[in-house]
Amino acid sequence: MLETTTGPVPLQAYLLLASLLFCIGVWGLINSRNAVRVLMSIELMLNAVNINLMAFSSYIDGDLIRGQVFAVFVITVAAAEAAVGLAILLSLYRNRVTIDMENFNLLRW
Amino acid sequence: MNISTSTELICFAILSMVVVLGSLGVILLANIVYSAFLLGGVFMAVAGLYLLLNASFVAAAQILVYVGAVNVLILFAIMLVNKKEDLKPIKSLQIRRVLSAGVCAGLLLLLARVDLTTPWALPGPIAIGEQATERIGEHLFTDYLLPFELASVLLLMAMIGAIVLARRDVLITDVGTGDSVDQSLIEKASTPLLIDKSTTN
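Which chain is which? The protein sequence lines are D and H, in order. Taken in order, the first sequence gives residues 1 to 109; the numbers are from my numbering. Taken in order, the second sequence gives residues 1 to 201; the numbers are from my numbering.
Since the hints were made in silico from the structure, they are not lab data. Keep in mind that a hint or two might mislead.
[Unchecked claim] Taking CB as the label site, the calculated pair distances span:
| no. | chain 1 | residue 1 | chain 2 | residue 2 | range |
| --- | --- | --- | --- | --- | --- |
| 1 | H | Gly68 | D | Arg66 | 36 to 44 Å |
| 2 | D | Gly62 | H | Val98 | 43 to 51 Å |
| 3 | H | Phe148 | D | Arg108 | 35 to 43 Å |
Small disclaimer: the values here were computed from a predicted structure and weren't measured. C-beta atoms are modelled at their ideal positions from N, C-alpha and C, and glycine is treated no differently.
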């Protein structure tokens with residue numbers, strides 16, 4: 001077998017998987033009533049974006065693996081976002097004694 | 001088809017199935033603790049996909065940061081705020097779910113069409129393979145040096161911000177009134193600052 005640049009899995013399969021994961025994350029973000037689950041959905045969406053970056057980096061970018069560098073930065077920002085989001089959630093819980101998203105309507109006009 | 005290509009195909013099929021079913025479980029299961037552990041499984045499967053793409057460094061970073069830090073943080077948050085509460089029924093919840101599912105399916109169709117109809121520049125140049133880690137290091141210390149340093153500042157800001165947001169008052173006397181401030185670490189029943197109007201009437 002010849003040394004091919006791409007594996008047997010086509011690039012489109014990775015992109016389809018990532019878009020499916022992203023849409024599942026969007027649905028969970030809209031429909032979750034538990035605030036922790038909303039943060040989990042955001043993490044799922046960030047992972048979908050990371051799969052996209054890694055697939056493009058491996059299949060198209062070749063020598064300069066810029067997608068992998070961007071994926072590392074996305075992981076960094078996701079960690080910071082999770083820490084701040086959960087801290088906000090804790091202080092919100094301390095003030096309203098609930099984590100039901102339907103009760104967080106202070107800014108609604 | 002030789003054994004390596006079929007192995008790769010089987011690995012991709014299993015990992016993508018774990019990712020899709022696990023993420024569906026994360027958003028659909030009623031028990032939030034099961035969701036959190038399934039989320040860890042999804043992160044591990046995504047790390048396996050990175051290994052299939054010859055990116056061992058990012059796979060290790062994914063496991064360390066996501067499974068080791070973010071998932072544990074989520075579990076601690078669940079432990080701190082897990083209170084059995086009966087959610088109030090909402091009018092037309094099912095309609096909302098079906099509508100948003102329709103919107104998400106439309107988004108998925110759009111993305112799939114873009115994915116399948118775009119002529120990608122395939123096959124691209126030869127993939128770098130095992131030297132990826134060295135190349136990431138070169139990138140981080142040459143042309144991506146500024147974002148790398150900014151990421152450290154961002155992490156410091158996030159750390160301080162999380163501490164400030166989540167801590168209790170540790171001052172012994174209140175600055176404004178001079179009263180002594182409760183310093184205990186154990187959660188006590190206290191009246192919430194913002195009374196929920198929807199439950200009182």
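Quick rundown of the hints versus the structure:
Distance hint check for Gly68(H) and Arg66(D): the Cβ-Cβ separation is about 26 Å, which falls outside the suggested range of 36 to 44 Å. For Gly62(D) paired with Val98(H), a C-beta distance near 44 Å keeps the hint of 43 to 51 Å intact. Our hint of 35 to 43 Å for Phe148(H) and Arg108(D) holds, since their Cβ atoms are close to 40 Å apart.
Consistency note: the structure conflicts with earlier hint 1 alone.
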